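Visitor: Residue numbers (the numbering used here): 260 to 721.
To be clear, the hints were calculated from the coordinates, so they are not data collected in a lab. It should be emphasised that the depicted structure is a prediction, and the values quoted were computed from it without experimental measurement. Misleading hints may appear alongside valid ones.
16 Å max Cα-Cα, derived EDC-like pairs, lysine to aspartate or glutamate [what the hints assert, rightly or not]:
1) Lys-515 to Asp-686
2) Lys-618 to Glu-584
3) Lys-524 to Asp-534
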Amino acid sequence: MTGEVTVTGFGVRTAFGTGAEALRRGVFAGVPAFAPTTRFDTGPYRTPMAAAAPDGPGAVEDWALRHALAGCGAEALDMAGLPSGTEAAVLLGIAGDSTSITRYWRGGAASPSEGPGSGSGPGGAARDGSGTAAADRHRHPADGPPGAPPGGESHGAASAGHPGGDAARHTAGEAAERLATAANVPVERLADAVPAHLAELLAGRLGLTGPRLTFTNACVASAAAIIHACRLISSGRIDVAVCAGGYLVEEETFGKFDSGRALSKDGVVRPFSADRSGLLLGDGVAAVVLESAEHARRRGARPLASVVGWGAATDAHHIAQPHPEGVGLARSARQALRLAGDPEGAALGYVNAHGTGTKYNDGAETRGLRAAFPERAESIPVSSTKSTTGHLLEAAGVVEFVITLLALTDGVIPPTAGFGLPDPECDLDYVPNRPRQADLRRALTINAAFGGANTALVLERP
């Protein structure tokens, strides 16, 4: 590694609320955020439970993906002390929001509680029942004038290397208008469904110049974005990157996980516990500012942590199930530890696990951790914060990155909430139910995804 990578800012939102204090009150206290969600009719499903921010007037402001990403990005840049106009890459891990797609395939019929443009789903365009007028109040100048397709002139369908110019932009705008009419939603709402467009909108809203890239590789998406940024920074290709990710609970994905019988039957997530019965979904949006250490030093920025190692591997064992021995997870962790100059994990004080609370993941992850650092696995505390936040899908990597950073800076290991009966196949120290004080120097955060994708990141306290 030719250049050090530092973290200088972050912004985060979960069902607990906004910022680090909300995480401390919820995740670090071991308090699950699960409750029956009212965003859609959960009657057809096995459980109504999710870790979703409340809807209605008391909701977290601007929970639409485009607004929540911009809010977290602005908080991260403000913490880092970087102004609008900064030359920074924007790397986003996201799949978009399927709410408008769900409505389209249902013939555009709104539910009885949702009139056209009511936005009563996650991050709807309006919270006050005034339809597109409320959406227009929340528009940023970079989005173009009210009623225009999202992105305005600077974020149209045609861009460098893509012919079409104004004609392509008009065609895309007309298509968006038609789909919006069919789906019975304001046209601005469709921006949330297009991952690449969300990256463009985020860069425009934050006033950032530099390359943009979107990752859509499921539950490692935002971790993959961070890893790619670290590679670019350490090789000297860029100095600053804003890495972000987001997922908001919506019916399309909820239904898919329910049909796959992956959701917890009793509304509790119990990672690594013998009585675990599945995962639950949760809201999560976060952004982090990464910089080269030299760039941060030149401008007098205070580093929050360093990213000293990263790794990614794919075992391609199965489309949905992890390799039973955690082969890909172990490989990615070993890559990260070697890059950090600590192949045995001697300096590791904590592992933030993927820990979904599903039958196949937790045993495989335990075996993968044992393979990654066989001499130390039993002595390193491991916890799953999905037991409190729920599974944040594409946002899991970046939100858990922030949680791991806070564990280092606060000297507190977040617990695995809901832990009950020990499982002989899961025999590590899972920090059950209560937080633990610890003087941490380094921590590892790992994620896994469909298709056998795995990521690992090693953070170090300044």
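Visitor: Now tell me if each hint is right for this structure.
Guide: Against the structure, the hints:
1. A hinted pair counts as satisfied when its Cα atoms are at most 16 Å apart, and Lys-515 with Asp-686 does not qualify at roughly 31 Å.
2. About 13 Å separates the Cα atoms of Lys-618 and Glu-584, which keeps this hinted pair within 16 Å; it holds.
3. For the suggested pair Lys-524 and Asp-534, the alpha carbons sit about 11 Å apart, so the restraint of at most 16 Å is met.
Hint compliance for this structure: hint 1 alone is broken.
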